[in-house]
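I would like the entire structure built from these sequences, with the hints used as guidance.
So the sequences go chain by chain: A and B.
Numbering-wise, the first sequence is residues 51 to 400 according to the working numbering.
Numbering-wise, the second sequence is residues 980 to 1054 according to the working numbering.
These are calculated hints, taken from the structure and not from any lab test.
Possibly wrong hints are sitting among the right ones.
[What the hints assert, rightly or not] Just some of the chain B residues that point at chain A, by a computed CB distance under 10 Å:
hint	residue
1	C993
2	P994
3	T1013
4	L1015
5	A1028
6	S1035
7	V1039
8	E1041
Positions of the beta carbon are idealized from the N, C-alpha and C atoms, including for glycine.
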Amino acid sequence: MKTDLFKLDCECGCAAKIPAERLIHMLRSLSLPADPALIIGPETLDDAGVYRISDDLCLIQTVDFFPPVARDPHMYGKIAAANALSDVYAMGGRPLTALAIVCFPTASLGPEVLKDITAGAVEVLRDAKVVLAGGHSIVDPAPKFGLAVTGVAQRDQILTNAGARPGNALILTKPLGTGTTILAAKAGIATAEHEEDANRCMATLNAEASQLALAHGASSCTDITGFGFLGHAVQMGRASGVAMEISMESMPMLEQAVEFAGMGLLSAAAYANRRHNEQAVRFADDILVAEEDILFDPQTSGGLLIAVPGGREAAFMEAARRTLSTACAVVGRVTEKQDGVVITVAKGRH
Amino acid sequence: MNDTAMVDARGLSCPQPVLMTLDALRARSGGALTVLVDAEVSKENVMRAAGSRGWSVEGVEEEDGGVFRIRVAKR
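So, in structure tokens, the structure goes:
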């Protein structure tokens, strides 16, 4: 019989993250060793750490792992790999090597399940031209899988979440709604098609999107994961010292995602993301609560949020239509910093 | 019409309380229903579930032990 990982009782994907506010509080209470070669460390909540190893070359390091996000072990492995590699792509880097992180219940699941998960991850690593250099595994009642990834980038090509400038156009390269769709699938409410759509998006590498960002002079980039679209957009806005205007109608979304959110198929992390960010966000009166929920929904292996200089978004979108397999759209623009409010969400264009 | 209809979803984590609420609402054309949950997330999700089926939330009371008593109705 085929193993259905959704039959196990555990938090889903990036929704299993520890809330940002707790991490920030914890990190501030520690005295971290300093090194001038560490260009990007944990303080800025960026996607990966960046360490300068020569005048122009930087090492990019990241780690990401989570409980099952798909019922099929092979698909789970593919998504976990695409998700872990995404942090390197979000920094404008090129991933080179990966180490597998495995927590696995050897008492309740057979070795073929772990083999399937790993095979899925290896398939994605092969596409990304990344080698699996090793890994570490422990016995754990709740399975978790992920990768620690090392990549490189030219120092002047590194994309952080601190470079967005007023007048930039904001582009999102994958549809939102994976969190609520996974919950709907677990609840037996999503159709097989909805589930496959979400899986296909989550298993898609952000490699091409990252290349587009570099080719079109992106000033800032981050990937949309556990803190949801608004959580990551607020981080980019704050780190860059700017505000953003977002258009709900332009937002790429998985089919039915708003309906699933409207039915109350939301994780604890979705509400934590709302609590943590709602002071920084203003919604127009005609935005539905379910639409707000989608913008706070924790995403697994979400797309890149890219700020490109105003006027270059049309060329980006034309290239995106040729190279990206996921829905991609211009979702807003960067404006001058305002007091308090970082993001304004309107139905249509501002 | 049964005004004392009750869904007890205490001790269950989402999406279970939502599914139980949706099942109970589907079985009724209208009336009133009380749902008991013991997590903030379940409370929010059950309120959304009721709204999605055209039922309105008439009241939410927080009781001892972090239990929420959610009263929904369709008149």
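- [ ] Mind listing which of the numbered hints don't hold for this structure, in increasing order?
- [x] Violated hints: 3, 4, 6, 7 and 8; rest satisfied.
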